[in-house]
Amino acid sequence: MKNRIQSLARQYAPDLIACRHHLHSHPELSFQEYETSKFIQAKLDEYGIPYTAGVAGTGVVALIEGKNPSKKIIALRGDIDALPIEEANDVPYKSKNPGVMHACGHDVHTTVVLGAARILQQVKDEFEGTVKILFQPGEEKHPGGASLMIKEGALENPKPQAILGLHVLPAMETGKLGFRAGKYMASADEIYITVKGKGGHAAAPQLTADTILIASNLVVSLQQIISRNNDPFSPSVLSICAFNGGFTTNVIPSEVKLMGTFRAMDETWRFKAHELIRKQATELVHAMGAEIDIDILVGYPTLYNNEAVTATARTLAEEYMGVENVLDTELRMGAEDFSYYSQVIPACFFRLGTGNKARGITAGVHTPIFDIDENALEIGSGTMAYLATQF
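Everything in the sequence shown is counted per this note's numbering, starting at 8 for the first residue and increasing by one.
Since the hints were made in silico from the structure, they are not lab data. Errors might be hidden in some of the hints.
[Stated by the list, open to error] Below, a list of computed lysine to aspartate or glutamate pairs in the EDC-like style, where the Cα atoms sit at most 16 Å apart:
#, residue 1, residue 2
1, LYS286, ASP300
2, LYS205, GLU262
3, LYS79, GLU163
Start from the sequences and build out the full structure, keeping to the hints where you can.
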């Protein structure tokens with residue numbers, strides 16, 4: 008089976024590159040992936056793969072049944088949305104949509120999963136079980152397309168025993184794959200705070216509630232939530248990233264707005280921290296004579312790679328790529344809505360090396376010059392297909 012899949016992945020490589028170029032040239036923002044969805048559907052029609060469209064708006068769910076379809080069900084996920092970034096690359100497949108770019112590699116993920124689907128359709132008489140394929144919208148935007156796909160039954164009828172997903176990693180050379188079992192990526196919540204007080208003349212601060220001073224104290228104080236309350240062996244981050252207030256040199260404003268993010272690797276600590284943030288912020292601001300509005304928007308949960316599923320996936324990846332090409336990856340404080348799947352069914356989210364230092368392909372994701380070594384497309388699609396058939 009390995010040789011058969013590797014041969015098909017190699018055969019389809021030029022089509023994979025063309026597919027990725029089309030997707031990269033026509034990026035669409037989260038939950039607006041209408042043309043992307045139509046393109047995916049057209050490809051599935053071409054491959055003869057049945058599917059259901061319109062899941063969570065623009066999502067597509069496809070099914071490939073092998074022998075004994077009910078024996079096992081494995082799901083593969085590819086996200087399809089792009090970012091609000093103006094592309095700076097000078098390449099023939101540069102984004103044609105101003106201010107929108109596939110800067111996080113979702114064009115790669117979609118192409119890889121389409122390639123895997125095409126391979127699986129060709130070898131469906133040679134493996135047992137069913138492969139369910141999720142083309143998911145809105146990974147980059149709250150509440151996350153994964154949560155909506157789950158709500159709309161994408162993991163039911165049939166229900167997978169496990170789900171696999173991958174993500175580009177430009178810091179890893181093409182030809183390498185990365186795995187990590189257990190806690191892998193952080194939860195991500197958004198913090199919005201407004202400090203409100205009596206403004207006034209800067210020369211008479213005693214007649215005001217100095218919202219700038221109060222908000223400044225609050226920014227410093229909130230760091231103690233992490234340093235004095237969290238288990239130091241459990242990574243957690245609280246960053247205030249926006250401080251907006253005032254408009255001139257001699258007026259103390261009546262309002263200051265703060266925005267930030269809170270991240271954690273432990274779901275119990277995550278929600279305990281929310282309570283501490285609210286309590287500490289409220290009491291500090293009140294003690295300094297002002298009022299506060301605070302809103303914590305609950306975002307993506309912690310991404311947990313099931314140990315057994317990840318061990319199996321890694322072993323199969325080693326069979327397909329060679330032990331020397333499968334590496335350990337580190338914990339990441341970034342967030343991914345694949346985490347919603349990992350909270351519902353056993354999951355494995357792994358990394359696909361897409362960098363090539365010799366060719367200068369090193370730019371990180373979410374940058375206007377992100378690109379990949381496209382040899383990774385053949386590797387990714389073949390790996391995903393092999394894992395799905397052998398699980």
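Results of checking the hints against the structure:
no. : hint             : in the structure
1   : LYS286 to ASP300 : holds, 12 Å
2   : LYS205 to GLU262 : holds, 8 Å
3   : LYS79 to GLU163  : holds, 13 Å
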